[in-house]
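J.: What follows is the residue order along each chain.
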Amino acid sequence: MWTYLLRRVLAGLVVLLVLSFGVFILVSLSGNPLAALQANPGISRATIAAAAAQLHLNEPLVDRYWGWLYGLLHGSFGVSYTGQPVGSQIAQRLLVTVKLVVPAVILSVLIGVVVGVISAVRQYKPVDHVSTGLAYLFFSTPVFVLGLLLKDFLAVDVNRAVGHTVLFTVGENTPGITGTWNVFVNGVQHAVLPVLTLTLVTYATWSRFQRAAMLDVLNADYIRLARAKGLSPRRVLFVHALRNALIPVVTVVAIDFAALIGGAVVTEIVFSWNGMGQYLFNGLTGAESPDVYAVSGWLIVAGTAVVVFNILADLLYGLLDPRIRNA
Amino acid sequence: MPEPASDLTPPGAPPALTLVTDAAEGLAVESRGQFRLALERFAHHRLAVAGLVVFLLLVLLSTIGPVFWQYSYSAITDQFATGPSAQHPFGTDLIGHDLFAQVMEAEATSVKTAALVALIATTVGTVIGALAGYYGKLADVLLMRFTDLILAVPLLAVLLVLANKLSKQAGSWFWIALILGLLLWTTLARQVRGAFLSLREREFIEAEHAIGASDRRIIFRHLIPNAIGPIVVSATLTVALALLIEAVLSFLGLGIQPPEVSLGSLINSGQDAATSLPWLFFFPSGFLVITILSINFIGDGLRDALDPTQRAHR
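Protein sequences, first through last, are from chains P and B. For the first sequence, position 289 matches number 289 in my numbering, and the numbering has no gaps at all. For the second sequence, position 39 matches number 39 in my numbering, and the numbering has no gaps at all.
Since the hints were made in silico from the structure, they are not lab data. Given the structure is predicted, the values throughout are model-derived calculations rather than measurements. Mixed in with the good hints there might be a few duds.
Derived list of chain B stretches under chain P, where covered just means 3 residues or more per stretch with a C-beta under 8 Å from a C-beta of chain P [unchecked claim]: (1) 153-163; (2) 273-287; (3) 293-303.
Some chain B residues close to chain P (C-beta under 10 Å, calculated; not the full set) [claimed, not checked]: (4) F251; (5) L254; (6) I290.
For each residue, glycine too, the CB sits at the ideal point set by N, CA and C.
Please work from the sequences and hints to get the whole structure.
T.: Here it is as structure tokens:
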């Protein structure tokens with residue numbers, strides 16, 4: 001068990017190292033962060049040269065990567081091209097993303113599992129057809145279409161009906177609000193629409209997984225045996241079937257959740273949340289792009305989340321399925 | 001063997017029926033039974049058939065429509081921001097483009113891009129999966145580690161970097177399709193490898209080896225046809241995925257660039273005026289969602305038809 005864990009962690013570190021090198025080089029080569037300065041006739045050559053020196057642009061690429069890695073191993077993410085320390089920026093961004101992603105994932109798991117199980121138990125009944133139709137509709141709808149629909153139509157109508165703004169559509173909070181309770185309420189008002197958007201697209205996929213897993217299990221011989229023994233339908237469903245049908249879903253949820261830590265880019269952009277996804281997007285396409293240090297910092301945090309949650313998913317798998325634990 | 005027409009045609013059937021059986025007979029000649037069975041299973045999946053009909057209609061409209069429509073997608077009319085009317089069924093945008101012409105053009109661009117993505121991804125995925133699964137050993141290790149690496153790459157970051165760079169070039173739809181195609185083949189490669197690993201141990205492949213068949217013959221005549229189910233299903237679902245990703249990239253301004261239009265870029269330009277000029281948002285969005293939905297239904301029907309082991313997973 002412990003050797004297994006150690007091996008997985010080491011493999012993850014190697015992947016992160018290789019990826020960070022690849023991304024560092026790719027991003028560095030993808031553009032010129034000084035383009036805006038150079039295009040401006042009012043800026044002297046000396047200023048540009050100083051900026052280039054400050055960003056280490058005169059050094060060979062591998063040296064730059066080495067310098068970044070050295071800093072990282074000494075606990076520093078470096079300074080982004082906009083002049084702010086990447087570490088504290090990412091910490092702020094991560095908090096914003098977590099406020100969006102964690103509620104959405106919790107809601108999606110609850111809705112996805114319940115809908116999937118009901119759909120499987122009532123296969124080909126009206127409730128199954130309705131939930132199937134909705135799931136197809138939601139995963140065929142691009143996130144930004146759903147987000148714009150909620151933002152430009154639902155929110156406007158709701159706010160008009162109530163008479164004042166209850167659903168905010170821009171940003172993660174209103175600056176200048178004081179008092180713990182007020183800040184909390186304000187945050188919730190900002191979060192409703194983006195969380196709803198993310199939940200609808202996420203639950204749709206998960207409910208399909210849950211339904212498929214549940215159908216597999218319900219058709220298995222041991223379920224027939226459990227019924228034949230005369231166990232109550234409820235006991236068969238929850239103790240014998242659901243527990244096993246949750247196993248494949250756990251993996252999917254863990255991996256999708258890890259990917260979302262890197263940012264729900266489109267949702268964040270539609271609702272102007274300053275989260276991880278927005279940070280990556282700005283780093284790659286903003287004014288000072290490509291901002292290698294910002295992007296590399298993002299990669300380390302997002303990549304670590306993926307590695308950690310993959311390992312967690314496998315451990316959980318073992319917990320739920322003794323056959324894997326013993327293997 | 002083609003069946004004689006008289007077996008299929010009831011005596012005294014009207015001519016229209018004869019036409020139908022002719023078509024069926026044509027298929028029977030080409031197929032070796034399996035194809036026919038799959039076709040019948042597909043035809044039983046009502047949503048899949050509906051999806052296919054809707055998708056074909058959309059393709060037809062977007063390819064033939066512009067020939068007959070009075071406005072070109074790039075022509076600027078003297079009517080700005082007018083709502084849907086008889087003259088402009090989908091209305092016009094802020095600078096006077098006819099939105100119906102634009103949506104048709106955008107639909108064509110989006111579908112064309114997604115189809116090319118699916119073609120590239122399916123070819124690369126099948127070839128890599130086939131080589132790894134058939135030759136095994138070192139080839140397998142190298143190809144699968146390569147696949148793992150591509151799979152571990154943060155798709156989004158790479159897409160943003162490359163799209164940002166390449167979308168500024170002429171014929172941007174081609175470059176976008178190329179990037180997406182070269183990144184989206186990994187799942188299929190793993191599936192094909194898995195299928196090949198188990199197929200190559202079967203007796204009929206052993207028999208082929210025994211009679212001295214070449215590797216090429218075994219792969220193309222025996223292994224790929226036996227793994228065609230997952231390949232076709234994956235190709236279809238890749239079309240849907242590519243439509244979604246291309247739309248997102250274009251929405252972020254990194255995909256299809258003007259003068260070309262795609263559904264994503266139309267939604268992007270319509271979003272600022274979404275509340276005051278809702279048609280600029282609803283028509284392109286509606287076409288995008290309906291296109292993706294119809295392809296997902298087709299994929300679902302194909303899975304039932306070609307991959308009966310996964311039957312229950314609708």
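J.: For the hint on B:I290, just tell me whether its beta-carbon gets within less than 10 Å of chain P.
T.: holds, 8 Å
J.: Mind checking the CB of B:L254 against every CB in chain P and telling me if the closest is under 10 Å?
T.: Holds, about 7 Å.
J.: Are at least 3 residues of the segment 293-303 of chain B within less than 8 Å of chain P when you compare beta carbons?
T.: With 3 residues closer than 8 Å to chain P, the segment 293-303 of chain B meets the three-residue bar; holds.
J.: Can you verify the interface hint for B:F251: is its Cβ closer than 10 Å to any Cβ in chain P?
T.: holds, 5 Å
J.: How about the segment 273-287 of chain B: do at least three of its residues have a C-beta closer than 8 Å to a C-beta of chain P?
T.: Held - the segment 273-287 of chain B has 5 residues with a Cβ nearer than 8 Å to chain P, which meets the minimum of three.
J.: State whether the coverage of the segment 153-163 of chain B by chain P holds or is violated, taking the criterion as 3 or more residues with Cβ-Cβ distances under 8 Å.
T.: This one holds; 8 residues, not fewer than the three required, reach chain P with a Cβ under 8 Å.
Hint check: no violations occur; every hint is consistent with the structure.
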